[in-house]
Amino acid sequence: MNDLLKIGNEYFKSRLLTGSGKYSCDSIIPEISEVSGSEIITVALRRVDLNSKHKSLMDYIPKHMKLLPNTSGARNALEAVKIARIARASGCGNWVKIEVISDNKYLLPDGYETLKATEILASEGFVVLPYINADLYLGRSLIDAGAAAVMPLGSPIGSNRGIQCKEMIKILIDQINLPVIVDAGIGKPSDAALVMEMGASACLINTAIASSPNPVLMAEAFSNAIDAGRKAFLAGLGTKTEYAVASSPLTGFLHE
Amino acid sequence: MSNFKSILDKWGSFDFDKFIKTSNKNIIEDILHKDYLTDTDFLTLLTPASDSFLEKLAQKAHKRTVNEFGKTIQIYTPLYLSNFCTNRCIYCGFNRDNRIERDILSLKEIENECMSISEKGLKHILLLTGGDRVKTSINYIKSAVLIARKYFSSISIEMYSMTSDEYSTLADLGVENVTLYQETYNCETYKKVHLSGEKSDYDFRLNAPERAAEAGIRSLNLGVLLGLSEPIKDFFLAGLHCSYIQKKFPGVNVSISLPRIKEATGGYQTGIEVSDKQLAKFIIAFRLFIQKGGISISTRESECLRDNLIPLGVTKMSAESKTKVGGHIKNDGINQFETSDKRTVEEFHASIKAKGYQPVYKDWVTI
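As you go down the protein sequences, you meet chains A and B in turn. Residue numbers for the first sequence follow this note's numbering, beginning at 1 and rising by one. Residue numbers for the second sequence follow this note's numbering, beginning at 1 and rising by one.
Take the hints with a grain of salt, since some may be wrong.
Below are the DSS-like pairs computed for lysine-lysine, each with C-alpha atoms no more than 27 Å apart in a straight line [unchecked claim]:
(1) A:K63 <-> B:K353
(2) B:K108 <-> A:K53
(3) B:K60 <-> A:K22
(4) A:K188 <-> B:K71
(5) A:K53 <-> B:K71
(6) B:K248 <-> A:K116
(7) A:K231 <-> A:K188
(8) B:K56 <-> A:K188
(9) B:K120 <-> A:K53
(10) B:K63 <-> A:K105
(11) A:K105 <-> B:K248
(12) A:K188 <-> B:K34
(13) A:K105 <-> B:K71
(14) A:K6 <-> A:K66
(15) B:K355 <-> A:K53
(16) A:K82 <-> B:K150
(17) A:K188 <-> B:K63
(18) A:K22 <-> B:K56
(19) B:K247 <-> B:K292
(20) A:K55 <-> B:K150
(21) A:K105 <-> B:K5
(22) B:K342 <-> A:K55
(23) B:K292 <-> A:K105
(24) B:K330 <-> A:K53
(25) B:K56 <-> B:K25
(26) B:K10 <-> A:K105
(27) B:K34 <-> A:K105
Simulated from the structure, these hints should not be mistaken for lab results.
Given only the sequences and the hints, what does the whole structure look like? Please build it.
Take a look at the structure:
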């Protein structure tokens with residue numbers, strides 16, 4: 001089955017995007033990538049250290065992986081734009097995940113500033129993946145602004161609380177003609193399977209993998225769940241009913 | 001919200017002694033199951049009532065920290081630019097009354113110290129001065145920041161309380177963090193230990209973090225000098241101060257330090273001891289109260305204790321600290337206080353790795 005994830009003009013076999021923060025040691029990243037098949041990895045530019053005395057994050061990212069620098073630390077559009085430009089100038093490519101957060105307690109994204117940053121960066125040739133609250137109007141505006149995908153949160157970032165925004169994400173999947181990549185809050189593989197069954201294009205998982213006692217095995221579990229959810233979506237789920245439907249009907253004899 | 005003084009005033013008539021003595025351990029079980037703690041929950045956790053729940057609370061604090069920050073420890077080191085001081089703080093080695101050799105780094109010396117520190121792989125620096133607005137003027141500090149910017153990704157300052165304009169100037173130059181301890185929130189004790197000088201103005205210091213936040217400083221590190229006054233009350237109010245800042249300035253990162261008083265030149269002693277157990281409990285309670293707040297432990301504490309505190313919620317630690325002026329190249333003069341953990345950056349790096357944590361040297365980009 002030739003079911004590829006398309007973002008911008010690029011195609012990917014894996015629908016699992018991974019993160020690079022929170023690991024006890026970055027040397028685990030190649031193994032995570034290998035067992036999960038993940039082809040896209042997000043990195044916070046604030047953590048990228050090209051002149052490190054020690055072996056650093058960038059040394060561990062497999063060369064085949066697509067780098068998705070994020071603008072972690074940006075509090076407004078201008079800062080996000082500057083960080084994206086620095087990332088590109090540092091050789092991290094022209095993809096960017098926009099994170100504009102000015103609330104450090106709940107880490108919820110600022111939709112207005114994210115939209116402004118998207119407009120600017122898309123016009124400069126960036127492939128822009130904005131991290132957002134699952135909001136239909138914002139999603140529509142982001143299409144107009146040139147976003148390559150939208151990344152709604154399942155629940156607050158780092159919370160592992162699962163898909164608390166399920167109904168809103170469902171609306172985005174229905175209405176937004178861009179890849180919908182569910183990011184943040186996914187706590188367990190069944191959460192990822194759920195949004196994939198709903199028709200999400202992909203999931204980005206960091207905390208749930210990194211905070212597991214066995215991150216490598218958990219990455220594999222997420223990969224399998226995302227794959228299963230995707231296949232279920234493509235196959236089409238059976239209809240739910242309020243009552244039992246017997247596979248051997250009791251009144252079948254009346255029609256014989 | 002006017003300023004934090006109004007919050008302090010609300011707690012002014014609260015009977016802390018009675019609360020600390022009468023808190024019941026039955027309440028702790030309820031607090032353990034909460035996602036978000038009230039102010040009173042936080043205070044309850046600081047009392048002896050939580051003693052028998054310490055391990056359960058520690059496990060929860062550990063999980064929270066791993067979820068929020070991962071298994072990482074951000075490393076920085078201090079650089080003392082000067083020990084000139086016009087204040088008379090009786091617990092401090094730099095007290096104006098102390099007959100010590102005073103020194104201030106020239107700009108060339110700052111450059112040399114920065115170069116030496118950066119060669120150790122450090123990317124976050126904390127610049128410190130004593131409280132002397134003439135010897136270490138804003139112009140001198142600006143020059144020091146401009147030099148430090150060439151070598152470090154993140155610049156923090158721990159200096160005298162400044163005006164909004166001064167903070168604004170430094171924020172524009174790229175100062176990310178202001179570290180400012182109230183030392184004690186107890187007004188009476190504050191007056192007794194700060195005999196004269198600008199620092200003796202309690203309110204001016206109390207409102208400094210807000211001035212810094214309004215001026216565009218991105219992160220604030222608050223704290224009290226544990227042992228100056230009743231520690232539960234003092235640490236509770238420091239936690240409330242962080243919570244207040246977080247609500248009023250949601251874009252500002254807050255963190256806390258928990259320095260315990262150490263004997264310095266002058267030999268001041270309070271007789272108030274904060275045990276290792278109490279220090280650990282404060283860290284745990286703070287993590288559960290301010291989930292995304294940073295927690296910093298300096299080299300005042302011993303190697304062994306620092307290593308053991310890591311999983312409880314610590315996010316930032318200093319390494320290879322010198323508490324004399326310069327200290328990395330220039331190595332004469334007197335320490336502000338004695339450090340306990342003398343490990344080099346490389347030794348500390350290895351210890352963190354052995355603990356299953358990742359030492360993080362760079363976690364900021366100046367734009």
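Has the given pair, B:K248 with A:K116, been kept, meaning a C-alpha gap of at most 27 Å?
The given pair, whose Cα atoms are some 25 Å apart, holds under the 27 Å limit.
Need the status of pair A:K188, B:K71: alpha-carbon distance at most 27 Å?
Within the cut-off at roughly 19 Å; holds.
Against the 27 Å threshold, does the CA-CA distance of B:K330 and A:K53 hold or violate the hint?
holds (23 Å)
For the pair supplied as a hint, B:K34 and A:K105, confirm whether the alpha-carbon distance does not exceed 27 Å.
holds (16 Å)
Does the structure keep B:K355 and A:K53 at a Cα separation of 27 Å or less?
It holds: about 21 Å lies between the C-alpha atoms, which stays within 27 Å.
Tell me if the straight-line CA distance from A:K55 to B:K150 falls inside 27 Å.
It holds: about 22 Å lies between the C-alpha atoms, which stays within 27 Å.
Below or equal to 27 Å on CA atoms is what counts here, so check B:K60 against A:K22.
holds (17 Å)
Would the pair A:K105 and B:K71 pass a check requiring their Cα atoms to be no farther apart than 27 Å?
Roughly 20 Å between the alpha carbons, so the hint for A:K105 and B:K71 holds.
Would the pair B:K247 and B:K292 pass a check requiring their Cα atoms to be no farther apart than 27 Å?
Answer holds: B:K247 to B:K292 is near 13 Å, not above 27 Å.
For B:K108 and A:K53, compute the direct alpha-carbon distance and say whether it is at most 27 Å.
holds (24 Å)
Given the hint that A:K231 pairs with A:K188, test it: the Cα-Cα distance must not exceed 27 Å.
holds (18 Å)
Take a quick look at whether A:K82 and B:K150 sit within 27 Å of each other, Cα to Cα.
Holds. A:K82 to B:K150 sits at ~19 Å (cutoff 27 Å).
Comparing the model with each earlier hint shows no violations; every hint is respected.
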